[in-house]
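As given, the protein sequences belong to chains A and B, one line each in that order. Everything in the first sequence is counted per this note's numbering, starting at 1 for the first residue and increasing by one. Everything in the second sequence is counted per this note's numbering, starting at 288 for the first residue and increasing by one.
Because the hints were derived from the structure by calculation, they are not lab data. Here the structure is a predicted model, which means the values were calculated and not measured. Heads up, a few of these hints could be off.
[As the list claims (entries may be wrong)] Lysine to any residue pairs mimicking SDA-like chemistry, simulated, CA-CA at most 25 Å apart: (1) K388/B x R191/A; (2) K519/B x W478/B; (3) K399/B x P277/A; (4) K388/B x R178/A; (5) K405/B x W115/A; (6) K388/B x V139/A; (7) K388/B x R182/A; (8) K388/B x P132/A; (9) K405/B x P201/A; (10) K405/B x F424/B; (11) K399/B x V199/A; (12) K405/B x A193/A; (13) K399/B x V181/A.
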Amino acid sequence: MATAPNVGMVPFVGAPAAQAEAPALLRLAGWRRPALRVLSIGLFFAAWHVATTWDVDFYVRFQNIPTPAEVLEEAVALFGSAAFYVHILASLERIWLGFAIATTLGVGMGLLIGWFRFAEDTLFPPIELFRPIPAVAWVPLSIMLWPTERSSIVFITTLGAFFPIVLNTIHGVEGIDRQLVRAATSLGAGRLAIFREVVIPGALPSIVTGLSVGMGVSWLCLISAEMISGQFGIGYFTWVAYGIVKYSQIVVGMLVIGVLGMLSSALIRLVGARCMPWLPRRVRDAT
Amino acid sequence: MRGGDLTNGATGRIEITDLGMVFGRNSRTVEAVRRFTLMTTPGEFVALLGPSGCGKTTVLNAVAGFVIPTVGRIVVDGEIITQPGADRGMVFQQHSLFPWKTVLGNVEFGLKMRGVGKKERKSQAHAYLSLVGLTGFEHAYPRELSGGMQQRVGIARALVNRPRVLLMDEPFGALDAQTRLTMQELLLGVWREVRTTVLFVTHDIDEALFLADRVAVMTGRPGQIRDLVEVKFTRPRAAEIIATPAFMVLKARVLAQVREESARTLSGPRP
Ligand SMILES: Nc1ncnc2c1ncn2[C@@H]1O[C@H](COP(=O)(O)OP(=O)(O)OP(=O)(O)O)[C@@H](O)[C@H]1O
Ligand SMILES: [Mg+2]
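Generate coordinates for the entire structure from the input sequences, incorporating the hints supplied.
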């Protein structure tokens, strides 16, 4: 399908061939592959356990790093206290707000810029101008610009997600097959109908890719901003834990960030797949 | 669908007069078509045949309204063509279905654009899908269909608007020989029902002679009409006619002309 070149390329292209060429030892029956994966994770935890209980000091120093058991204990304690949830909720609220604003602006502007030359000439130059500045570099200015800590962090989060979303949307619109536009006009579609029936669905796979990337970047920005300037949030919590020598809390904070990031990406993929039933499953999973 | 009537009352008089088409500007121009004149009678099936790059698609696009003639004019049923419209249905070579719409969604599209209600849309779309033999595939997406089936959807999608003319640009060019033959027969069957004017572009001499009432043989670029061949085989036609002596005679005549034009195209443009 010509409208989703950047999504169509990714999935599993090499997988069958690689499997066929693998030596007999590695060619495993269906149930062994999940088992291998679980084993691999188990090995990671084992290595962590060994390194931290033996206080390995081999250029990399493990003396101050908590053991898996300590982290688990800390996690249980933290999830039992209301204060921890305040941090998580604060971060989730900022992500949600920032991402929602970035999606609205990014998709909206991207569609306009991609489709209308006037919008491209008026809206795109400032985007190109600001794009090279990483969102985190905005933190000091953002603190001065915005009245509250919350709004300044939401601003950083929005900024981070906005660029991948808007650029992917533009890319998606520009990749729309002109023949489909012609087909629509010869079936009686006017300008508005073409925008609604061809441009938006045609750009959708690329938009979803942009949202997926944007979600990742917005977590990155959120955590950085919270570490630099926050008084709440899971990023702030993790940074403060370092300051007050609660090393297990650092790791719990990191794990929570990882899990939340993973869940939000999964959510995007799920919604994306729901919105695009026409794509083959493998392509949808790859966005 | 009232009374199962799928015809548009045999309208569709195309008058292409002195069409000239030049692309590009300043010194880097391409003259695709020059002094191209062709009239069709309502309900006629005309094939456009010619060497690659001679301007067949350009003529078709001009009738569709996708491109504006540099000189000359195109009139369909008394109206000068200035833009695309649902009165001229287009069937492309391939990949022109909306991938995000189901078969039904694709076929309904023209009706939706006209503001026809959902229920009425569905029943009309069903009628045309059954006409092209695709009943049961309403909820499939285009990528789930074979190339031949996709082209049938394309035909149904164009016909649902009851166009005055059906424009087809090598619609079977990407299909294998067997499927192509099936599709040609199917098209003739459909055309007998709808009786709309067809302007059919092809490279394939057999295809042109099998389908059309008249075959317009074009010169190399800039394309103009070199010969208009009347094909008087009785209808309905069966695929077997392409092996008859009468068919061979016509084919030999057209083949000689097409070969001459192809050779001329290779040796450079006409002065
Ligand atoms: N938009 C355009 N801009 C510039 N040149 C064009 C354009 N469209 C067509 N041409 C040129 O006009 C000539 C005729 O093109 P056209 O596509 O009509 O040929 P055709 O007969 O359909 O060829 P084919 O059989 O290969 O499909 C070609 O030389 C082509 O390069
Ligand atoms: Mg062509």
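Each hint tested on the structure:
no. : hint            : result
1   : K388/B x R191/A : holds, 19 Å
2   : K519/B x W478/B : holds, 17 Å
3   : K399/B x P277/A : holds, 21 Å
4   : K388/B x R178/A : holds, 17 Å
5   : K405/B x W115/A : violated, 29 Å
6   : K388/B x V139/A : violated, 44 Å
7   : K388/B x R182/A : holds, 16 Å
8   : K388/B x P132/A : violated, 38 Å
9   : K405/B x P201/A : holds, 20 Å
10  : K405/B x F424/B : holds, 18 Å
11  : K399/B x V199/A : holds, 17 Å
12  : K405/B x A193/A : holds, 17 Å
13  : K399/B x V181/A : holds, 16 Å
Checked against the numbered hints listed earlier, the structure breaks hints 5, 6 and 8; every other hint is satisfied.
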